[in-house]
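Visitor: Single-letter residue listing:
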Amino acid sequence: MLGVCYYPEHWPEKQWQQDAQEMRELGLKYVRIGEFAWSKIEPKAGKYDFAWLDKAIATLAAEGLQVVMCTPTATPPKWLIDQYPDILPVDINTGVTRGFGSRRHYDFSSPNYFTQAMRISKVLAKRYGNHPSICGWQTDNEIACHDTTHSGSLAAKHAFQLWCQQQYGSINTLNQAWGNIFWSMEYQDFSQIELPILAVTETNPAHQLAYRRFSSDQVVHFHDEMIKIIRQYAPNRFVTHNFIPLVDTQTDNFALAKNLDFVSYDNYPLGRSDMFFKHMPAEQYKPYMRTGHPDFSSYSFDQSRGVSQGNFWVMEQQPGPVNWAHHNPRPEKGMVRLWSWQAFAHGADCVCYFRWRQVPFAQEQMHAGIKRNDNSKAAAWHEVSQMRDELTQVQLPLEQPVQAKVAIVTGAHSQWVTEIERQGDSYNHQRVEFAYYSALRQLGVAVDFISVDHDLSLYQLIVAPCLPVVSAEFVAKCQQATAHLVFGPRSGAKTPELSLVDNLGPGLLQQLIPIKVLSTETIRPDCSEVMTYQTQQFSSQCWREEIELGAGVTTVAQYHDLLPAVARYNNTSYIASLTCDEFLISYFSSLCAEQGINTITLPKDVRLVQRGQYAFVFNYAGKANSIPATLSGEFVLGSATLAPYDVAIIKLP
Amino acid sequence: MLGVCYYPEHWPEKQWQQDAQEMRELGLKYVRIGEFAWSKIEPKAGKYDFAWLDKAIATLAAEGLQVVMCTPTATPPKWLIDQYPDILPVDINTGVTRGFGSRRHYDFSSPNYFTQAMRISKVLAKRYGNHPSICGWQTDNEIACHDTTHSGSLAAKHAFQLWCQQQYGSINTLNQAWGNIFWSMEYQDFSQIELPILAVTETNPAHQLAYRRFSSDQVVHFHDEMIKIIRQYAPNRFVTHNFIPLVDTQTDNFALAKNLDFVSYDNYPLGRSDMFFKHMPAEQYKPYMRTGHPDFSSYSFDQSRGVSQGNFWVMEQQPGPVNWAHHNPRPEKGMVRLWSWQAFAHGADCVCYFRWRQVPFAQEQMHAGIKRNDNSKAAAWHEVSQMRDELTQVQLPLEQPVQAKVAIVTGAHSQWVTEIERQGDSYNHQRVEFAYYSALRQLGVAVDFISVDHDLSLYQLIVAPCLPVVSAEFVAKCQQATAHLVFGPRSGAKTPELSLVDNLGPGLLQQLIPIKVLSTETIRPDCSEVMTYQTQQFSSQCWREEIELGAGVTTVAQYHDLLPAVARYNNTSYIASLTCDEFLISYFSSLCAEQGINTITLPKDVRLVQRGQYAFVFNYAGKANSIPATLSGEFVLGSATLAPYDVAIIKLP
Amino acid sequence: MLGVCYYPEHWPEKQWQQDAQEMRELGLKYVRIGEFAWSKIEPKAGKYDFAWLDKAIATLAAEGLQVVMCTPTATPPKWLIDQYPDILPVDINTGVTRGFGSRRHYDFSSPNYFTQAMRISKVLAKRYGNHPSICGWQTDNEIACHDTTHSGSLAAKHAFQLWCQQQYGSINTLNQAWGNIFWSMEYQDFSQIELPILAVTETNPAHQLAYRRFSSDQVVHFHDEMIKIIRQYAPNRFVTHNFIPLVDTQTDNFALAKNLDFVSYDNYPLGRSDMFFKHMPAEQYKPYMRTGHPDFSSYSFDQSRGVSQGNFWVMEQQPGPVNWAHHNPRPEKGMVRLWSWQAFAHGADCVCYFRWRQVPFAQEQMHAGIKRNDNSKAAAWHEVSQMRDELTQVQLPLEQPVQAKVAIVTGAHSQWVTEIERQGDSYNHQRVEFAYYSALRQLGVAVDFISVDHDLSLYQLIVAPCLPVVSAEFVAKCQQATAHLVFGPRSGAKTPELSLVDNLGPGLLQQLIPIKVLSTETIRPDCSEVMTYQTQQFSSQCWREEIELGAGVTTVAQYHDLLPAVARYNNTSYIASLTCDEFLISYFSSLCAEQGINTITLPKDVRLVQRGQYAFVFNYAGKANSIPATLSGEFVLGSATLAPYDVAIIKLP
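Chains as they are written, first to last, in UniProt numbering: chain A, 1 to 653; chain B, 1 to 653; chain C, 1 to 653.
Derived from the structure by calculation, the hints contain no laboratory data.
Same chains, same names: a pair is fine if it fits in one copy or spans any two.
Listed next, the in silico PhoX-like pairs over lysine-lysine satisfying Cα-Cα at most 20 Å (straight line):
#	residue 1	residue 2
1	377	516
2	516	371
3	333	516
4	29	55
5	29	377
Let the hints inform the model, and build the full structure from the sequences given.
Guide: As structure tokens, then:
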């Protein structure tokens with residue numbers, strides 16, 4: 001299914017009908033509306049104007065379009081801010097209030113905003129909950145975007161004190177848990193607790209972690225309450241939320257998604273690539289500047305599917321240049337189609353494009369749409385149109401993605417711990433995880449992102465690039481697993497309160513592989529060292545642990561000084577260093593072979609994924625590539641020779 | 001004419017007479033005084049001390065020197081700040097008040113400061129307005145320096161609200177004009193309007209533009225009122241202001257200059273080059289580190305002449321190393337003379353050196369003077385002395401600069417629009433304009449900087465490196481012009497309220513060249529691509545527009561993918577990309593030939609400009625260079641072989 | 001002697017006895033305790049708990065260990081902050097209060113904190129002053145760490161106003177001294193004086209210097225008062241303080257040390273190297289990333305000995321990776337021993353390791369100890385154990401270091417002047433001083449760091465890398481000296497109030513060498529130029545002065561333009577530029593030969609120093625090196641071939 005994001009309030013009413021008709025003709029089925037329209041719906045406190053919205057919905061409905069309605073809580077109007085100035089959040093890096101004038105100017109801990117946000121949600125849900133053309137709801141918009149999960153307000157401080165009281169019961173328990181004896185940081189009462197910001201030097205990591213958990217809980221609570229309201233008044237409609245990249249929510253995404261019907265994702269491969277790969281040298285970056293890295297979109301798709309615990313939507317798909325990255329190239333011709341097919345291949349049920357028409361005014365006027373602001377058809381129109389036609393070539397609805405045999409264990413907690421305690425500036429949680437993911441994808445294997453709570457029995461290879469905190473339950477599950485388990489450096493090294501484990505790293509994982517981390521060092525990124533694996537030289541970078549091997553543990557790879565860098569014990573491997581991608585590919589390839597997981601040698605920049613009966617092949621290269629002959633079946637789309645930026649779909653025998 | 005900046009209040013009275021005598025002997029005619037002397041003139045509120053100033057003026061006058069008197073409003077004294085603390089401006093990036101202790105610590109929107117600044121101006125103008133030795137006045141000092149045009153104060157907010165009311169009349173008009181419906185940014189009342197600062201994320205570009213226009217208006221209003229006071233009490237004296245580089249005033253410079261008799265400019269080629277070219281690799285930068293780029297001073301001179309609508313002064317000329325850049329080299333021997341002659345050649349009527357004697361104390365003690373602080377003669381003395389002698393070689397006063405056949409269209413509005421909406425980090429308005437200017441200067445052609453209100457009929461080639469907003473009046477004038485018109489990327493793309501034009505870029509310019517900008521992308525600076533022009537390869541960089549050509553439009557240059565990069569229709573060209581300097585030189589050369597504008601092939605680092613009957617040739621190179629034989633005439637100064645950093649003046653036949 | 005830093009409050013009481021026993025077995029004699037234990041000692045205002053501390057001391061004493069007790073004033077508890085919120089300091093760069101949650105959250109100008117800090121010091125001193133197992137006291141902890149010398153609080157402003165009044169007597173004297181006439185910065189009353197922070201642009205350098213002197217005086221006053229209290233109640237105990245690198249205290253270290261018995265130093269060669277050399281290219285940095293630069297630790301040791309006016313302690317010696325640098329490598333095997341011996345060789349009386357056991361919680365959990373947090377023995381254990389054994393090979397106590405024949409003149413005033421007035425971004429006081437020091441050390445000569453008040457007659461070569469302010473007394477002493485005197489650029493150029501000297505640089509030093517600094521320029525670091533000395537080419541970098549030579553002055557080295565770069569007159573040399581290390585080595589080598597100072601040609605990365613009858617040789621290289629045959633004597637430790645990271649001790653004949 002295809003859809004689009006639409007803002008009737010930006011356009012004259014007389015335009016709406018033609019828009020709706022063209023949407024239908026373009027094969028779009030879903031139209032998302034309303035997420036920033038609070039001031040139009042309620043121009044003054046308690047004075048509602050629904051006439052325009054009723055009409056807009058009716059106009060769309062008349063063309064058979066289904067509407068996804070949003071709560072408009074990402075943009076409280078000025079009159080509301082003036083009424084309750086404590087809605088505004090406070091910058092945790094400067095202590096300065098973040099003012100009105102853009103979006104997301106609200107504090108998750110403001111009791112006034114909580115009340116008001118739920119009020120407007122209820123008003124909307126009551127009015128439109130049973131509307132026959134409204135198929136589902138989106139909560140708020142891109143929660144946490146612009147670093148809004150954390151606030152340094154008084155409201156946040158008071159809420160944090162309360163949260164601490166609920167978590168720890170007594171102040172001595174908290175002091176003990178955080179290790180406040182260190183540097184005389186002991187509190188005598190919960191009301192003394194500060195936010196871990198603006199201190200003279202680094203605050204207690206346990207304090208920081210608690211603040212992150214608290215902030216995440218605030219977001220989830222706000223969001224869950226909104227879901228509850230929608231469900232109460234809009235029965236039998238789906239509720240979803242459009243996530244930004246999971247690393248950026250600073251929220252426990254599994255918890256945030258829990259009460260949703262499914263997760264939606266806003267996919268902007270070029271803008272995000274510009275920022276994520278900004279330190280990459282031009283010769284490496286330039287080939288992907290108009291495509292994104294071949295594994296970058298699918299990384300988010302697979303994560304979204306994981307958090308969604310099933311299929312997902314792309315709620316916003318970049319249709320052309322955007323306006324918000326450091327540099328904003330246009331997609332290569334064909335890429336909007338490629339990303340769309342890639343989303344479906346990795347488990348999307350629907351791809352909606354953002355936005356129908358480029359808006360001529362305000363902050364996003366340089367953001368492309370399917371149509372240009374003069375109503376002409378932009379480049380994306382033709383690719384969406386091609387999608388409409390090609391979707392008829394496959395049997396819909398698509399079956400579920402094939403059950404992956406490989407899983408990556410992920411979670412906000414791991415991210416927070418390693419962001420709070422980088423230990424070396426060059427340790428970046430997201431880059432570490434992405435490197436592991438990309439290595440697996442280059443081998444052509446499907447990857448699931450799972451939490452520690454997931455069923456491990458489904459997998460033959462389970463990889464935890466970074467899992468500093470492990471529980472006894474998780475270890476017990478690992479012991480039952482038939483998979484080979486791979487743990488990256490730092491795994492098992494920390495308690496849930498961000499202390500060192502008693503028995504040295506990898507802590508409880510010593511039950512899986514009897515090794516001890518004797519010391520840990522971090523290294524300048526430009527001072528990497530040789531690592532040897534099966535007579536080949538790779539590199540050890542940035543993070544390096546010294547490990548002691550227990551009886552029966554074998555050395556898989558060695559540092560330059562011949563100490564063990566990768567160790568293995570039965571079906572568990574421990575990688576004690578950050579390594580180059582080439583090592584990961586090589587080692588995973590060997591483990592897959594051992595575990596009976598099929599890998600495939602793909603041309604550079606070609607990626608393969610299977611969904612149901614179909615194999616999808618994507619060519620991210622600017623030159624033609626041949627699909628390996630081992631991939632046999634009927635070409636539903638394309639042929640064995642992939643043009644640049646082209647897609648092939650093969651119906652498997 | 002030559003002059004100097006002098007601070008009698010910094011030196012014992014007994015020194016003054018010798019100073020004045022030496023000034024006269026050095027051939028100086030003008031002495032600027034008083035611009036920071038408020039606390040000396042009015043040590044306590046309402047208690048004036050003019051005795052010292054009277055005597056200083058008399059001492060200078062006794063040697064036949066003419067005094068340029070300043071209003072001392074750039075440095076309100078501490079007692080005044082303590083009396084009216086709201087004088088202090090507020091940093092728009094941090095919200096923190098910018099305190100006393102340096103200079104320019106005042107808010108253009110403070111009603112108290114307005115009153116006080118006009119009061120002291122009136123006091124001075126009344127006392128010295130008819131003094132026979134005071135030939136003219138300088139208002140304030142380097143208005144806007146240190147980013148003081150914009151303030152985040154309450155006073156600024158209230159003044160901005162009033163300004164909005166006056167501009168838009170009704171709040172709905174404002175909402176409409178800014179597109180506030182986007183993100184529910186609608187206001188219900190002018191009193192709700194915030195400054196576009198310290199928000200959660202990017203504020204509305206229209207809001208930002210309004211704030212810049214408002215801030216500029218505040219500066220102009222303050223300045224105009226001061227001019228009015230001076231004119232009232234100081235009849236028949238010129239009034240000028242010493243401008244910093246025009247890009248840095250963040251003010252409509254044409255408006256700021258309008259009521260002045262002429263513009264003055266403070267010329268610091270080395271300090272400014274150190275900052276402007278700081279990202280330039282050493283091998284490119286080092287040859288110019290003690291000279292400045294060959295087009296850098298003249299860029300400011302030509303701009304000053306443009307804003308002045310005629311000749312200008314250099315009020316402060318760097319005489320040696322300064323103290324405020326990241327690195328502060330000394331000028332190569334001869335450069336002070338070269339810059340001085342270059343100023344005259346580009347339309348200066350007077351060059352004043354900053355400062356007479358290096359001051360031993362406070363912020364600028366490392367700033368060179370004509371004399372050292374021990375009263376010995378610094379390097380500049382000998383070059384000024386040479387200027388004094390050489391000025392007798394030419395007929396004074398110099399005639400006007402030759403009427404240029406080439407104009408560059410410039411204006412604060414274009415700068416603001418492209419600073420507010422960079423779209424790519426690598427788009428820099430000033431660098432774009434400088435590149436166009438430098439290309440033209442390397443062809444040896446004279447260049448005028450004009451506003452869109454200028455008479456276009458004077459020119460054969462009119463270049464708008466960046467003109468996002470165009471009016472119907474301007475287009476009509478273009479249609480009448482006999483010049484070839486060249487527009488750089490972004491031209492015509494925006495409405496005056498910083499929205500997209502309805503009919504795609506270049507908007508109204510489509511009446512001159514029927515093309516449409518279909519999409520715009522920005523690119524990392526290290527990812528440039530090939531552009532082909534007349535079988536030669538150049539480069540397309542940073543900014544690239546996709547254009548559709550209407551009937552009759554020809555492709556002048558092509559992108560790597562063969563799409564049009566430069567288009568032409570009759571006498572209008574549109575350059576859709578940021579290109580390398582080499583392309584601009586090549587294309588402008590061809591257009592000049594076509595338009596009958598003489599160009600000349602000059603050795604690298606040699607520049608030529610004509611004023612009246614004289615051709616001036618400047619050698620910025622560290623080696624000797626030959627003047628092209630085609631330049632015939634009588635050598636008033638120098639010869640056909642230019643020594644390093646030397647000047648030649650040729651009286652044309 | 002060896003010692004250790006221990007935190008009984010971090011561990012269960014039942015652990016203490018074993019810890020104490022192991023300390024004794026490891027050869028440790030001293031145990032430092034208590035410096036962050038305020039909240040444990042006084043959990044509520046006026047409620048003391050000494051039981052645990054009594055027991056901890058008793059447990060240590062029972063094993064024959066001597067305790068160094070600390071005042072816990074670096075970490076005021078939360079209840080105290082809540083009682084007196086004005087204890088918190090204010091960030092001078094942002095104006096924001098620096099909150100509770102880490103350490104050093106106090107303002108040296110807070111009268112409340114002064115009272116409270118002295119109170120708790122007195123309480124402790126009274127209780128433990130005569131304890132037989134407490135041999136000495138440490139004041140506070142790492143005073144000034146985390147940029148806490150300067151505060152922008154109201155308390156600081158008021159104290160500064162008072163300080164100014166005491167310094168200058170009348171406001172006119174202050175105005176005159178600072179040159180406040182410049183930019184109308186004159187004050188009418190001391191109560192008007194602002195801190196030199198958060199102004200529109202650069203504040204008056206004289207104002208800044210006064211503020212630095214004031215801030216230093218505040219620290220010294222606070223510290224001296226604490227010493228006085230300790231001495232009153234703890235007779236016959238030593239009092240010391242653990243200094244951070246002297247450049248970072250922003251305090252007059254000679255004054256701060258004056259009333260101590262000796263100085264202690266906290267030595268973290270790897271963390272500090274990571275930060276100090278962060279701009280060094282990898283190929284230069286990598287060889288030292290696990291050792292530190294060969295001259296880096298000794299630079300601090302020699303400075304500490306200088307400030308101590310005799311021997312010193314290392315109170316905290318890095319035993320493994322730390323947690324606070326940008327990257328935190330482990331020391332190469334052997335380096336903990338090497339650094340320890342190096343400390344002794346340069347004048348340490350005791351080396352204490354930080355810390356006994358890695359703490360599992362809070363901010364420093366990733367900081368290594370002698371033992372790991374699981375109580376196993378970390379790498380350092382074995383090296384300390386080796387130290388214990390090897391110390392028996394030499395005769396204890398070690399004699400004094402040999403009297404150096406070479407001195408470097410240093411002082412906070414020079415640092416402040418050149419930090420306030422960098423003039424070029426690439427001038428860095430510490431790097432300049434380190435370069436001079438390192439050049440001398442590579443020649444194998446011993447170096448003393450002395451203040452201008454020191455006896456100069458002890459030296460044959462006296463080097464002032466940067467001494468902008470000189471007094472007549474100092475010059476008179478220089479005139480008496482038999483040493484050759486070398487002055488780096490900027491020397492003698494400033495008055496004590498940071499103005500230019502009347503007679504041009506080097507000011508009073510013209511009595512030693514009749515030259516004049518005509519102009520000064522600063523240059524981009526990547527634009528260095530050739531400098532010629534004895535037909536060899538070296539480089540002139542970053543800072544370059546033009547000098548005029550008086551009669552009899554000879555040119556030692558020349559710039560690329562043949563102007564003098566280094567000048568000499570009798571026994572005084574003036575280096576007018578920042579040069580490369582190679583020039584310094586070459587020139588110092590020649591001067592040493594002339595002055596009869598023995599130099600020695602050492603292999604790269606090998607260093608030599610003598611203490612009493614012993615010569616110590618250190619190999620910082622990753623390969624074996626031979627000790628020069630000229631070094632004859634009995635090998636007490638090691639042999640003529642030094643293994644990587646090894647030490648040799650030779651008993652001289």
